[in-house]
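Colleague: Start from the sequences, fold in the hints, and give me the full structure.
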Amino acid sequence: MSAVAWQRLGAAWGARIAGLCRGLRTGPRSLQDVAGAAKEAENRSATDLSPLILQRNSMRWDGKVYEEIPVAHIKATYNNTHIQVVSFDNRPLARTSCGTEGFQNAKKGTAIAAQTAAMAAAAKARGKGVLHVRVMVKGLGPGRRAAIKGLTMGGLEVISITDNTPVPHNGCRPRKARRM
Amino acid sequence: MANHLRFVGRTVMVQNGDVEAAYSVLNRILTQDGLVDAVRRRRFYEKPCRRRQREAYEACRRVYSAEMSRKISFLARGIRQDPWLGC
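Top to bottom, those sequences are chains A and B.
So for the first sequence, the working numbering puts the first residue at 1017; every next one is plus one.
So for the second sequence, the working numbering puts the first residue at 1335; every next one is plus one.
I should point out that these hints are in silico values taken from the structure, not numbers from a laboratory.
Just so you know, these numbers come straight off a predicted model, no measurement behind them.
Where is the CB? At the ideal position from N, CA and C, for every residue including glycine.
There may be inaccurate statements among the hints.
Unchecked claim - Each computed DSS-like pair below joins lysine-lysine, with the alpha-carbon atoms no more than 30 angstroms apart: (1) A:K1154 <-> B:K1405; (2) A:K1165 <-> A:K1154; (3) A:K1144 <-> A:K1123; (4) A:K1165 <-> A:K1091; (5) A:K1091 <-> B:K1405; (6) A:K1091 <-> A:K1123; (7) A:K1091 <-> A:K1192; (8) B:K1381 <-> A:K1192; (9) A:K1123 <-> A:K1080.
Stated by the list, open to error - Derived list of chain A stretches under chain B, where covered just means 3 residues or more per stretch with a C-beta under 8 angstroms from a C-beta of chain B: (10) 1154-1166; (11) 1174-1180; (12) 1183-1193.
Modeller: Structure representation (structure tokens):
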């Protein structure tokens, strides 16, 4: 896993590291070299103390910092897709799934169902005054890409996409292989 | 990643409103890091004997395809030594 969790020295770091992540696929060592070089450059130029270390990231969406923007959790299983929009302090804003949109059984595990569920969730979130959203996707299912597309089509603006798929470090034993 | 800082790892910012490009970047990063394969493989349990067979097969395949691509690029090279030099 090359995308290591760097120590966040404020929001400046996060956006810069995410910016470095983009398009720099040259292996873990070079990524850390770049991060180290960036850190050294920052330390060197911050010998005139205040501006660079205390300078916060100036990216704002509607005047809000990145950490204050609501989060849209998308859980994309193989049989269904759940979407929940939550504020930054974990207050629920909107929750939909393919089942709440009237799809049944096998039709819930499709991309179209995920897209309609995402559009409904986006409409509900817009009703509560949400404009920008950061997306956290969990799971590899058919609705993974379609749900993000549905959120955009429903009027929410996606500013970042995170992958939160749980990867156990050899924890629970999964079910047996099929077709034995 | 419940025990890590949120929004630091596996995060891609969307540039200029281009969500599709950001998603494809994220997908490429995850595939190249082997995450997509790992998650798909862990969906069902893989017995240790099957796992050893698969790893041996992948190692052989890696060697074979590296050698084959080396051979092809050697045969298809453009700049060659002049075989009749000195005649």
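Colleague: Hint by hint, say whether it matches the structure.
Modeller: Status of each hint after checking the structure:
1. A:K1154 <-> B:K1405: 42 angstroms, violated
2. A:K1165 <-> A:K1154: Holds, because 15 angstroms separates the two Cα atoms, which is no more than 30 angstroms.
3. A:K1144 <-> A:K1123: Judged against 30 angstroms, a Cα distance of about 29 angstroms means the pair holds.
4. A:K1165 <-> A:K1091: Holds. A:K1165 to A:K1091 sits at ~14 angstroms (cutoff 30 angstroms).
5. A:K1091 <-> B:K1405: Violated - the C-alpha atoms of B:K1405 and A:K1091 are around 45 angstroms apart, more than 30 angstroms.
6. A:K1091 <-> A:K1123: Status holds; Cα separation ~16 angstroms.
7. A:K1091 <-> A:K1192: The given pair, whose Cα atoms are some 23 angstroms apart, holds under the 30 angstroms limit.
8. B:K1381 <-> A:K1192: 9 angstroms, holds
9. A:K1123 <-> A:K1080: Distance of about 38 angstroms is beyond 30 angstroms: violated.
10. 1154-1166: The restraint on the stretch 1154-1166 of chain A holds, since 4 of its residues have a Cβ under 8 angstroms from chain B and three suffice.
11. 1174-1180: holds (count 7)
12. 1183-1193: With 7 residues close enough to chain B, the hint holds.
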